[in-house]
Amino acid sequence: MRGSSSAVTTTLMLPVRVIMLPSLLSEDDVSNRSVVVFDVLRATTTIAAAISAGANEVRVFASLDEARDASRAFGGSKLLAGEHECLPPADFDLGNSPGDYRAERVADRTIFMSTTNGTRVLHAARRAAALFTGASVNAHATARALIDEKRPVTLLCAGTRGQIALEDLQGCGIVIDELGLENVLLENDSAQVALAMALSDAGNDRFFVSAGGRNIRAVNLQADISYAMHRNLLDIAVRVQDRDGVLVATQNARYA
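With our numbering as the guide, the letters of the sequence shown map in order to residues -7 to 248.
Bear in mind the hints are in silico, worked out from the structure with no lab data behind them.
Keep in mind it's a predicted model, so treat the numbers as computed, not measured.
Careful: at least some of the hints might be erroneous.
Stated by the list, open to error - Here are the computed lysine to aspartate or glutamate pairs in the DMTMM-like style, where the Cα-Cα straight-line distance is at most 20 angstroms: (1) Lys142 x Glu58; (2) Lys70 x Asp92; (3) Lys70 x Asp83; (4) Lys70 x Asp100; (5) Lys142 x Asp100; (6) Lys70 x Glu58; (7) Lys70 x Asp85; (8) Lys70 x Asp57; (9) Lys142 x Glu179; (10) Lys70 x Glu49; (11) Lys142 x Asp21; (12) Lys142 x Glu174.
What the hints assert, rightly or not - The following label-pair restraints were derived from C-beta to C-beta distances: (13) Ser69 x Ala215: 36 to 46 angstroms; (14) Ala245 x Gly195: 25 to 35 angstroms; (15) Pro81 x Leu4: 40 to 50 angstroms; (16) Ile156 x Asn212: 32 to 42 angstroms; (17) Asp236 x Arg209: 34 to 44 angstroms; (18) Leu177 x Ala95: 35 to 45 angstroms; (19) Arg64 x Asn180: 40 to 50 angstroms; (20) Arg235 x Ala99: 14 to 24 angstroms; (21) Lys142 x Asp20: 17 to 27 angstroms; (22) Asp83 x Arg119: 48 to 58 angstroms; (23) Asp181 x Gly68: 42 to 52 angstroms; (24) Glu174 x Gly67: 27 to 37 angstroms.
Backbone N, C-alpha and C fix where the C-beta goes; we use that ideal spot for every residue, glycine too.
With the sequences and hints as input, model every part of the structure.
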């Protein structure tokens, strides 16, 4: 669903903080909080695209070898997906390009995924009371899910090679905007910065000039950036749960 910034209506004031890098994440940022991980270029955008296209679930792994091993041991209909240095390994079925996750390719399949940043950061946040993936493409649905949880919120940026990623920070700001300023209490200056970025760049043009965007353009995958720039393209919130040590992303049950 393409949409404008029509904020969720609620009488609940949600405390919201933004953590710009995984290295800055503390136990206090995850304990008894809803955490949303942003790797806008591209893992969390791609996971949303896969679930929206009908994938049964996306199982996320911290390394390519872990994803390979889990995929080999799985007897059902599956796809091995991910990237290294922006491109899919030779033995993988799919890379990390959201536009490739079409229904005819992924519907009714289990996807085993590992990426350079996003899937690793999901593992770092796995102790959260509720864990979601976030992106511009599903910002409104993610805001809806956070309201339903009624917990303080941590928006966690994956970053790029240990550095702050503009697109992740802006994605956080877009979700804050979708929550509605009247509904949130911004807990730190990083949240203020994220919101200011989102409000000053309605077209998400920064996605093309960020370090992550330059890396993707260098391998001629500009279409991935164009996809990730869309706001509220997908009406789906993605929840990540720990199932016996495996992180599994599925459509948030309330909206399934």
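Consistency of the hints with the structure:
no. : hint                                : verdict
1   : Lys142 x Glu58                      : violated (34 angstroms)
2   : Lys70 x Asp92                       : holds (15 angstroms)
3   : Lys70 x Asp83                       : holds (14 angstroms)
4   : Lys70 x Asp100                      : holds (9 angstroms)
5   : Lys142 x Asp100                     : violated (32 angstroms)
6   : Lys70 x Glu58                       : holds (15 angstroms)
7   : Lys70 x Asp85                       : holds (9 angstroms)
8   : Lys70 x Asp57                       : holds (16 angstroms)
9   : Lys142 x Glu179                     : holds (16 angstroms)
10  : Lys70 x Glu49                       : holds (10 angstroms)
11  : Lys142 x Asp21                      : holds (16 angstroms)
12  : Lys142 x Glu174                     : holds (15 angstroms)
13  : Ser69 x Ala215: 36 to 46 angstroms  : violated (27 angstroms)
14  : Ala245 x Gly195: 25 to 35 angstroms : holds (33 angstroms)
15  : Pro81 x Leu4: 40 to 50 angstroms    : holds (44 angstroms)
16  : Ile156 x Asn212: 32 to 42 angstroms : violated (25 angstroms)
17  : Asp236 x Arg209: 34 to 44 angstroms : holds (39 angstroms)
18  : Leu177 x Ala95: 35 to 45 angstroms  : holds (40 angstroms)
19  : Arg64 x Asn180: 40 to 50 angstroms  : holds (43 angstroms)
20  : Arg235 x Ala99: 14 to 24 angstroms  : holds (21 angstroms)
21  : Lys142 x Asp20: 17 to 27 angstroms  : holds (19 angstroms)
22  : Asp83 x Arg119: 48 to 58 angstroms  : violated (32 angstroms)
23  : Asp181 x Gly68: 42 to 52 angstroms  : holds (46 angstroms)
24  : Glu174 x Gly67: 27 to 37 angstroms  : violated (50 angstroms)
In terms of the numbered hints stated before, the structure departs from hints 1, 5, 13, 16, 22 and 24, listed from lowest to highest.
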